[in-house]
Amino acid sequence: MEMSFEESLTELEEIVDKLEKGQLSLDDSLMLFEKGIKLVNECNMKLKNAQQKVEQLIVENGGSRAENLET
Amino acid sequence: MCLETKGIYTVHEFTLAVKGVLTRGQFNDVWIRGEISNFTNHNSGHRYFTLKDKNSQLQCVMFKWYGKNLRFELEYGMKVLVFGDLDIYEQKGVYQLKARDIRPDGIGELYKAYEQLKNKLAMEGLFSPDHKKPLIRFPTKIGVATSPTGAVLHDILTVLGRRYPVNILFIPTVVQGDNAAQSIVSSIYELNKTDVDLIILGRGGGSIEDLWAFNEEMVARAIYNSRIPIISAVGHETDYTIADFVADVRAPTPSAAAEIAVPDRLELTNHMIGLWNRLMNNQKRLVSDRMSYLSDLRDSVEPHLFVERLTQHIQFIDDLAQRKSFSIGRLVDTKQALLNAHAGRLNAVSPLGTLSRGYSIALKLPDKTIVQSIEDVEKSDEVSIIVNDGKIRCNVKDKEECKWK
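In the order they appear, the protein sequences are chains A and B.
Each residue of the first sequence is one higher than the one before, starting from 1 at the first, in this note's numbering.
Each residue of the second sequence is one higher than the one before, starting from 1 at the first, in this note's numbering.
Worth flagging that the hints you see were computed from the coordinates, not collected in a lab.
Keep in mind that this is a model prediction, so the values were computed, not measured.
Note that beta-carbon positions come from the ideal geometry of N, C-alpha and C, so glycine has one too.
One should not assume that every hint holds.
Here are the computed lysine-lysine pairs in the DSS-like style, where the Cα-Cα straight-line distance is at most 30 Å [stated by the list, open to error]:
no. : chain 1 : residue 1 : chain 2 : residue 2
1   : A       : Lys-18    : B       : Lys-284
2   : B       : Lys-284   : A       : Lys-21
3   : B       : Lys-79    : B       : Lys-68
4   : A       : Lys-53    : B       : Lys-132
5   : B       : Lys-68    : A       : Lys-46
Derived DEER-like restraints, expressed as beta-carbon distance ranges [to be verified]:
no. : chain 1 : residue 1 : chain 2 : residue 2 : range
6   : A       : Ile-37    : B       : Gly-125   : 25 to 31 Å
7   : B       : Ala-321   : A       : Asp-17    : 58 to 64 Å
8   : A       : Arg-65    : B       : Glu-73    : 51 to 57 Å
9   : A       : Lys-48    : B       : Ser-288   : 31 to 37 Å
10  : A       : Glu-60    : B       : Ala-113   : 30 to 36 Å
11  : A       : Asn-41    : B       : His-154   : 32 to 38 Å
Next up, chain A with everything else stripped away, as it sits in the complex:
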């Protein structure tokens, strides 16, 4: 399943912190670095592609449905 922006960002922040503590082997560091770069790109993509979608909740006959709302 695709990670949410929040999950991606949280993981990225953890990776940067871990790398900066500097108690990792070179191999682990390189692996985390690669993963970090991937996450940065993912997050940037999500930020760029965020779009506003407005729906209106219509309540009737004891039920409710959402309809697109032109704004």
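Once you've looked at the hints, dock chain B against the given chain A.
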């Protein structure tokens, strides 16, 4: 059918007739308690304002010759007692109070109700910080409950769109008037059945009456019981409603609610750039640290250094060897001296020395035991006597006990 009996008035005549009835004296010199709203301090020096309570409004005017002795200035929302007479403003056909005196009122009725409910709910713990639900950092869907007309929805959508576009679920809600409280409660209830991460409950500014629904107990309880966190954004910055106290977060205005609801995309982008730089710098440092470590390692195995270290070792070994032979020589000398000393002492106690001084030693043969007593030998035993320059073999002829001491 009354045409004949009462005739036909002109508008002005009718207005004057009404004025005559109303200003007859019943409504003169009255005190009225209310709250100031729509106050205008006109250039002419006359003060025009509306006096109101929860259910009604009354137009008022205070002409400057009455107002010049007023010891305080009127303010929007101020609770006052107004003294004056009823009058009809003929040109518009509206009745109004001609105020002659105004005094601040201690606590207006609405305010009292507000205070009472606020205290009651506070006692019950509805405002407790422990009950406040945290907002999630990056909501993906936001529920907005507000009026379909008015600027609030537009303001919220604009700010959200600018900062961080997300999905919005709008539920049209009555926010003023008799049905407002029920409508707000219902909107909170319906939104709680959806997958929104957050609810913004908004309303534009207004008087305490306009905002009253947000001071109703049922609204307070609906907010308290909401599973989804609620940001209240009711009225202006200075308006505090009960809903604001119960809500998980209170925003001063609807636009501010939108700012609180989502992070700013620009700030996030900068944050991402920061993280990217930290990643890169860290990696550069990591690589350069390893490079310099590697180069240190290489330097420490350089051949000339190795040879130098080797010669140092050789020299050290030579040094050790020299110190060793020196110490052995000394040891031998010391032992020699010791031996001489012992030899001297040995000589002093040697039986040979005794012999040279004229003593002799008798040994019984054949077992060569030393004869120390007459008991050691029998008559005709063979004895060897050692003297300074040789041995004499003898036979025992006789023995005799003597006391020498």
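So, going through the hints one by one against the coordinates:
Taking the CA atoms of Lys-18(A) and Lys-284(B), the gap is about 15 Å. The hint holds against a cut of 30 Å. Annotation: proposed proximity of Lys-284(B) to Lys-21(A) holds, straight-line Cα distance about 14 Å (limit 30 Å). For the proposed pair Lys-79(B) and Lys-68(B), the alpha carbon gap of about 20 Å is at most 30 Å, so the pair holds. With a C-alpha separation of about 28 Å, the suggested pair Lys-53(A) and Lys-132(B) falls inside the 30 Å cut-off, and the hint holds.
Restraint check for Lys-68(B) and Lys-46(A): the C-alpha separation of about 64 Å exceeds 30 Å, so the hint is violated. For Ile-37(A) and Gly-125(B), the Cβ-Cβ distance of about 49 Å falls outside the hinted range of 25 to 31 Å, so the restraint is violated. For Ala-321(B) and Asp-17(A), the Cβ-Cβ distance of about 59 Å falls inside the hinted range of 58 to 64 Å, so the restraint holds. Distance hint for Arg-65(A) and Glu-73(B): a CB-CB separation of about 53 Å, consistent with the stated range 51 to 57 Å.
In this structure the supplied range 31 to 37 Å holds for Lys-48(A) paired with Ser-288(B), their Cβ-Cβ distance being about 33 Å. In this structure, Glu-60(A) and Ala-113(B) meet the distance hint of 30 to 36 Å, their C-beta atoms being roughly 34 Å apart. The hinted range of 32 to 38 Å is satisfied by Asn-41(A) and His-154(B), whose Cβ atoms lie roughly 35 Å apart.
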